[in-house]
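Note that the protein sequences, when read in sequence, are chains A and B.
End of the first sequence sits at 307 in my numbering; the numbers just go up one at a time, nothing left out.
End of the second sequence sits at 1247 in my numbering; the numbers just go up one at a time, nothing left out.
The hints are simulated quantities; they were obtained by calculation from the structure and are not laboratory data.
Check each hint, because a few of them may be wrong.
For lysine-lysine, the following DSS-like pairs were computed, each having C-alpha atoms within a straight-line distance of at most 30 Å [as the list claims (entries may be wrong)]:
| id | chain 1 | residue 1 | chain 2 | residue 2 |
| --- | --- | --- | --- | --- |
| 1 | B | 1064 | B | 1151 |
| 2 | A | 102 | B | 1064 |
| 3 | B | 1217 | A | 285 |
| 4 | B | 1146 | A | 285 |
| 5 | A | 81 | B | 1126 |
| 6 | A | 143 | B | 1151 |
| 7 | A | 285 | B | 1151 |
| 8 | B | 1151 | A | 102 |
| 9 | B | 1063 | A | 285 |
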Amino acid sequence: MSIYLPIAELSVNIFLLLSLGGIVGFLSGMFGLGGGFLMTPLLIFIGIPTNVAVATSANQIVASSISGTLGHWRQGQVDFKMGCILLIGAFFGSILGIWIFKVLVITGQLDTVIAILYFTLLISIGLLMLIESSQVIRDRIRKKTVKKKIHYHNWAHKLPFKVRFYKSKLYISIVPPILLGFIIGILSAVMGIGGAFILIPAMIYFLGMPTSKVIGTSLFQIIFITALVTLLHATTTFAVDALLAFVLIISSVIGAQLGVITATKLRGEDIRALLAVIVLIVAVKIASDLLVPPEEIFNLSVIRVVF
Amino acid sequence: MTLQTEALVIGSDEEEILIDANFSGQDLLVFGAFYADPSQPRDEKGDILVEIVGPSEDVILRKKKSFLGFWLNAISVGFRDVPGFYYLSSSNEIDNIFLEKNNIGILKTQKYSDMNWSLLTTDWGKIESEKDKIEFYEALIRTKDKENLFKQVTDEIKILDGNLFKTNIHIPNTAPVGKYIVNVYLMIDEQINKHYSYNFTVTRIGIEEAIYSFAYKFPLLYGLTSLIIAIFIGWGGAELFRRFRRI
Chain A
1 MSIYLPIAEL
11 SVNIFLLLSL
21 GGIVGFLSGM
31 FGLGGGFLMT
41 PLLIFIGIPT
51 NVAVATSANQ
61 IVASSISGTL
71 GHWRQGQVDF
81 KMGCILLIGA
91 FFGSILGIWI
101 FKVLVITGQL
111 DTVIAILYFT
121 LLISIGLLML
131 IESSQVIRDR
141 IRKKTVKKKI
151 HYHNWAHKLP
161 FKVRFYKSKL
171 YISIVPPILL
181 GFIIGILSAV
191 MGIGGAFILI
201 PAMIYFLGMP
211 TSKVIGTSLF
221 QIIFITALVT
231 LLHATTTFAV
241 DALLAFVLII
251 SSVIGAQLGV
261 ITATKLRGED
271 IRALLAVIVL
281 IVAVKIASDL
291 LVPPEEIFNL
301 SVIRVVF
Chain B
1001 MTLQTEALVI
1011 GSDEEEILID
1021 ANFSGQDLLV
1031 FGAFYADPSQ
1041 PRDEKGDILV
1051 EIVGPSEDVI
1061 LRKKKSFLGF
1071 WLNAISVGFR
1081 DVPGFYYLSS
1091 SNEIDNIFLE
1101 KNNIGILKTQ
1111 KYSDMNWSLL
1121 TTDWGKIESE
1131 KDKIEFYEAL
1141 IRTKDKENLF
1151 KQVTDEIKIL
1161 DGNLFKTNIH
1171 IPNTAPVGKY
1181 IVNVYLMIDE
1191 QINKHYSYNF
1201 TVTRIGIEEA
1211 IYSFAYKFPL
1221 LYGLTSLIIA
1231 IFIGWGGAEL
1241 FRRFRRI
């Protein structure tokens, strides 16, 4: 059974979409990530135009991050003040990101740039996760326990405009979080991701936030940034496909809940190693698509929106 | 004054083609009767030419080049007023000279040397040589043809009883929406003797059409609606599962 996607302007098998949303949702529930970094490339693989894949992923992440935040919120693990400061940076970042996106569409380089960005991102995440999880697994086998530092101090703590964050027990400058938000905003608008896998390590190592507050706070700011990116795409690039988003949201919400249940039955480092392998496979596929000589070196696109 | 004895009447089964969620293309029937001097041998009785021209579009054609092993869009050319759909069918082989003379054909079948390139494109960019222009021109037709949007055939018109004809034209699901013109020509002695034309439209209906026009007409409201749906399902889904797990 096919479904005609009005903005992507093509027919796609509905079961393919449902299973794609379900799998990405399952993985995101299992690993506590938004899943945008897998959703966008997989949508492109099944033939959805790159611009629609990016804008629609942002819309889907809104739903999955709300699902995720609620739990953390109830447990009081969200630092709203930090979230809002990150959002100030993210607001300006996403506006710049949309502008970059439009320039890429006009010059016809969007597909290539997105592919290169995703390849770089997925290869880095995949390798880092693989190294990290294999070390943990090795330590587990050798029965070693690793002591972790509670607090990280670096140059980010020496900048002006210092503000006290009671929830995170931090007294730091607002410059690093605004800068971090700005970068996440750009990436979110250009790539259709929430950016949790960049935000979470950056909050721990760069801002020095306690790990318990990091996931909830990053999810909280991702809701707003992806909501803003969805609105910006809807009004400037007209690439949000509401029907595609609807199908993906339904399937990913169900998948995410199943992922959460499954995750409790497996060891963290084992599932991280599994995700690393999945991420690396997607990265290799993206690279090969860029490198394999195309059958038709010409491609045609109809001009619908004049920027 | 010579007495005109030739005649052409045509009909069609559709005035409107509706694209909905399950649209996978549709056949359009064009039929009619023509009358030419019956005393003439078959070859002289005339041939039928059916042409369908879809709504005009502006398109960009991009050519990829290998750069450090990566295949990137390197050169782009904008074409304006390219028919979004084009179909030409004849009951007999027709030569290009005839089409050229009568201004019929995909992008008007002109000789490459005679083609007014500046009329066809908005921007040739870095392309200067005639050879490269022809390459792009051919690529435009080839890419459109691959999407089943351009077609030129000689074996699809059925002639019945010598004076009746009918043909089925497949309108694919990739066909753009808008006004389509059907031209039917009666050709006698390499001349157009009669010409009859009419219109039909391709329209989107159903939820897809609603979403499409909503997205382009009220983008902010569309974005907000899409967000509210996401928030509602995200929140509702999590709540539902939480209660479910408590039991």
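Next item on the list: Hint by hint, work out which the structure violates, then give me just those numbers in ascending order.
Entry: 3, 5, 6, 7, 8
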